[in-house]
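Take the sequences, apply the hints, and build the full model.
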Amino acid sequence: MNYVSSIGSYSIMIREVFKKPTKWPIMKSLILKEIDELIYGSMGIIIFISFFIGGVVAIQTALNISNPLIPRNLIGFATRQSVILEFAPTFTSIIMAGKVGSYITSSIGTMRVTEQIDALEVMGVNSLNYLVFPKIIAMFFYPFVVAIAMYIGILGGWIAGVFGGFSSSADFVEGLQLDFTPFHVTYSFIKSVVFAFVIATVPSYHGYYMKGGALEVGKASTTAFVWTSVVIIILNYILTQLLLG
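Residue numbers (the numbering used here): 1 to 245.
Everything labelled a hint here was simulated from the structure, so no lab data went into it. All clues given are correct.
Straight-line distance between alpha carbons at most 25 Å, and here's what the computed SDA-like set of lysine to any residue pairs gives:
#, residue 1, residue 2
1, Lys-23, Phe-197
2, Lys-219, Ile-14
3, Lys-19, Ser-6
4, Lys-28, Ile-136
5, Lys-99, Ser-229
6, Lys-19, Ser-5
7, Lys-23, Ala-119
8, Lys-23, Asn-129
9, Lys-211, Val-122
10, Lys-28, Met-123
11, Lys-28, Ser-42
12, Lys-33, Phe-144
Following this line, the structure appears as structure tokens:
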């Protein structure tokens with residue numbers, strides 16, 4: 001019953017987020033601040049991890065090709081499929097759930113503990129719209145992060161494959177172009193938009209409705225990361241079945 005109650009509270013929170021909007025001049029500055037914190041501030045870790053994951057995929061594929069009859073362009077093909085279909089949209093979202101989700105939960109939770117949210121309510125401000133709505137809008141720029149993760153991941157695979165001596169550049173590029181389906185990129189962007197909404201709202205829910213003091217803020221951040229990851233994995237399965245099944 002606690003899970004059902006939490007789902008109901010989450011649904012009510014989403015409805016309240018879009019009620020009684022904050023004035024646009026204030027909201028614009030809040031959105032720009034969140035874009036800087038949530039999107040631009042996450043680019044470094046995403047680029048770093050994408051590059052090396054793409055390289056690892058290429059190397060592992062090359063090392064598992066023991067039959068000389070198997071073409072070497074399979075390395076580029078496997079790297080492209082792994083990065084575009086799963087790594088860039090899904091694994092990156094798990095990373096963002098840890099980095100961005102913890103920040104969202106702790107920042108809103110701290111405001112709850114220090115009674116800043118109560119002060120907003122007393123002033124007649126819709127605190128959910130003021131705090132959560134800018135994060136939702138900012139996270140809709142998340143597909144740009146996914147696109148960069150795709151590019152960097154494939155670049156890392158190319159560098160690892162070519163300079164590691166596992167494949168020639170021509171074979172790798174041929175593998176990238178082999179049986180390419182443009183809808184796979186669309187599928188990844190659809191998933192990234194859904195995951196972005198989850199990353200913005202689930203941690204916000206845990207931060208906004210937390211109770212206790214400073215210690216509970218840390219516990220709420222951990223709980224938010226776990227549940228955000230669980231929801232992302234479940235939605236990943238459902239979206240894959242709906243879009244590619």
